[in-house]
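Start from the sequences and build out the full structure, keeping to the hints where you can.
If you read the protein sequences in the order shown, they are chains A and B.
Mapping of the first sequence onto our numbering: residues 49 to 291, in sequence order.
Mapping of the second sequence onto our numbering: residues 21 to 281, in sequence order.
Treat the hints as calculated values from the structure; they're not laboratory data.
C-beta: ideal position from N, C-alpha, C; glycine also.
Check before you lean on any hint, since a few could be wrong.
[Claimed, not checked] DEER-style ranges, computed between Cβ atoms:
hint, chain 1, residue 1, chain 2, residue 2, range
1, A, E151, B, R275, 27 to 35 angstroms
2, A, P117, B, L260, 28 to 36 angstroms
3, A, E180, B, K184, 15 to 23 angstroms
4, A, S138, B, L40, 53 to 61 angstroms
5, B, K184, A, S138, 13 to 21 angstroms
6, A, G82, B, A264, 46 to 54 angstroms
7, B, G116, A, S138, 27 to 35 angstroms
Each chain is listed here by its residues.
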Amino acid sequence: MLENIDLELTRGSFVALLGPSGCGKSTLLRFISGLATPSQGSIELTPLSSRPSAGSAIAFVFQDAQLLPWRSVLDNVALPLELAGVDRNSARERARKPLADVELSDVLDRYPDQLSGGMRMRVSIARALVTEPELLLLDEPFAALDELTRQRLDERLRALWLARKMTVVFVTHALAEAAYLADRALVMSRRPGKIVLDHALALPELRTQDLRTSAAFVDQTAILYRALRAHGGFDDSQVGEPP
Amino acid sequence: MSDRAAETAWSKVAPPLFTLVCAVALWESAVRALHVPAFLVPPPSAVLSAAWAERASLAASLLTTAEGALSGFLLSVVLGSLVGLIFSLSRWLERGLYPYALFLQTVPIVAVAPLLVLWFGPGLRAVSVSAFIVSVFPIIANTLAGLRSVDPRLDDLFRLYGAKLGDTVLKLRLPSAVPSMATGFKVASGLAVIGAIVGEFVAGFSEGNAGLGITVLAAYRQLRTDLLFAAVLLASLLGLSLFALVSGLSSLLLRRLRAEW
Numbered sequence: 049m050l051e052n053i054d055l056e057l058t059r060g061s062f063v064a065l066l067g068p069s070g071c072g073k074s075t076l077l078r079f080i081s082g083l084a085t086p087s088q089g090s091i092e093l094t095p096l097s098s099r100p101s102a103g104s105a106i107a108f109v110f111q112d113a114q115l116l117p118w119r120s121v122l123d124n125v126a127l128p129l130e131l132a133g134v135d136r137n138s139a140r141e142r143a144r145k146p147l148a149d150v151e152l153s154d155v156l157d158r159y160p161d162q163l164s165g166g167m168r169m170r171v172s173i174a175r176a177l178v179t180e181p182e183l184l185l186l187d188e189p190f191a192a193l194d195e196l197t198r199q200r201l202d203e204r205l206r207a208l209w210l211a212r213k214m215t216v217v218f219v220t221h222a223l224a225e226a227a228y229l230a231d232r233a234l235v236m237s238r239r240p241g242k243i244v245l246d247h248a249l250a251l252p253e254l255r256t257q258d259l260r261t262s263a264a265f266v267d268q269t270a271i272l273y274r275a276l277r278a279h280g281g282f283d284d285s286q287v288g289e290p291p
Numbered sequence: 021m022s023d024r025a026a027e028t029a030w031s032k033v034a035p036p037l038f039t040l041v042c043a044v045a046l047w048e049s050a051v052r053a054l055h056v057p058a059f060l061v062p063p064p065s066a067v068l069s070a071a072w073a074e075r076a077s078l079a080a081s082l083l084t085t086a087e088g089a090l091s092g093f094l095l096s097v098v099l100g101s102l103v104g105l106i107f108s109l110s111r112w113l114e115r116g117l118y119p120y121a122l123f124l125q126t127v128p129i130v131a132v133a134p135l136l137v138l139w140f141g142p143g144l145r146a147v148s149v150s151a152f153i154v155s156v157f158p159i160i161a162n163t164l165a166g167l168r169s170v171d172p173r174l175d176d177l178f179r180l181y182g183a184k185l186g187d188t189v190l191k192l193r194l195p196s197a198v199p200s201m202a203t204g205f206k207v208a209s210g211l212a213v214i215g216a217i218v219g220e221f222v223a224g225f226s227e228g229n230a231g232l233g234i235t236v237l238a239a240y241r242q243l244r245t246d247l248l249f250a251a252v253l254l255a256s257l258l259g260l261s262l263f264a265l266v267s268g269l270s271s272l273l274l275r276r277l278r279a280e281w
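Given below as structure tokens:
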């Protein structure tokens, strides 16, 4: 499904991973996180530095928020620390900071079913940040949200990254989102997935709302679009065949 | 309670109440009009007056049966949940033992009851074990199904953070399993009363109080059909109340866990 992917992530970079549905973007992310191993072939990961503090070096934000419905917002964010052996009270204390970072300090005691989709996603991001990960993996986290909510979350994520400079890999199928968020965009082909474009985005570090309508932004998006179109569009040989 | 809530409650209670009143009236008038002998089908009024006349001994029997059913049910809850948990942790154990747990479900309890008397002696213990045997399997099966039904992506989350098995069980699998376990408990609560009555048929004679199963047998031998009806009615009411109690407790728990059901 995936072929010869050699991926070097510069520490502190923000990488967007684009590609058609089913090309193996999510699978690649699961390989990087160690949640899955290839059935054939091998994967070599250069290890991250070992960390003295409790918590995981890798954090994962899934497509849906994946919160525990029986835990309050604060307790959901404290969960990774609890699992790492931090006692409950200090875990809850440390969970306040990332929740403040995503502007959810006033809903700490609410439960997931009392939140909007965008708020749940912010809780999920706060949960990922609570261990101060070196590598943050996001798998189409905002795909289910409406366009404006998604843009606002993109802006917030970019600001959080600028403040912390952890390494981020962000899987998406939205061109504009990739161009707005990342410093480097990788475009994958349809199956078997290969990286067909590795592009450093020529955009200012500080991204404003106006950027989305600027000529430079449109140019950069167009580069991604052409690569995706060339390698990820319909495979005409398969049209008409059963899936 | 608001007017609206009162109205909804009434609209739930009124139809079955209406059915009950009609059925009782029909029963009473049919028995009288057709001159059915009272030892075949007594009219409701006779059942009620028999129940009132024997209220002291019926109440004692009810308590005895309740004790047997409840202790058997609690044993099922504890052991059934534990066995379900153990099965969920090891496919190997599950494959090796599940078919034999199924045996508990299929064994004809009436045929086994004499064995229980041999092993446990007549009285409460044999009755409890009978209630246990009949009610434990739905708990094992539902606990196992619940523990296995965890969202795989939440499982991923726990694996990503290197969760220990104990944490995964306590903080993810058990809370996820509660809705399914509650279903098992509800089914088991009704079955436990049936198991207790069957146990009493065979093992109920002992020093002290006789349960409702014994009352049924004794009333049958004396052709006291009115008393027999009263005892059967009480046994059903016991099953219903245990079911209602378990339903109430589990819906409280589910609301606390904010489970969808």
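These are the hints, each one checked on the structure:
Range check, A:E151 to B:R275: about 29 angstroms between beta-carbon atoms, so the 27 to 35 angstroms window is met. Hint check: A:P117 to B:L260, Cβ distance near 31 angstroms, so the stated range 28 to 36 angstroms holds. Between A:E180 and B:K184 the CB atoms are about 21 angstroms apart, so this pair conforms to the stated range of 15 to 23 angstroms. Under the hint 53 to 61 angstroms, the C-beta atoms of A:S138 and B:L40, about 59 angstroms apart, fit the expected range.
The given range of 13 to 21 angstroms is respected by B:K184 and A:S138, whose C-beta atoms sit roughly 18 angstroms from each other. Between A:G82 and B:A264, the C-beta spacing of about 49 angstroms keeps the proposed range 46 to 54 angstroms intact. In this structure the hint that B:G116 and A:S138 lie 27 to 35 angstroms apart at CB is violated, the actual value being about 43 angstroms.
The structure fails hint 7 only (numbered hints given earlier).
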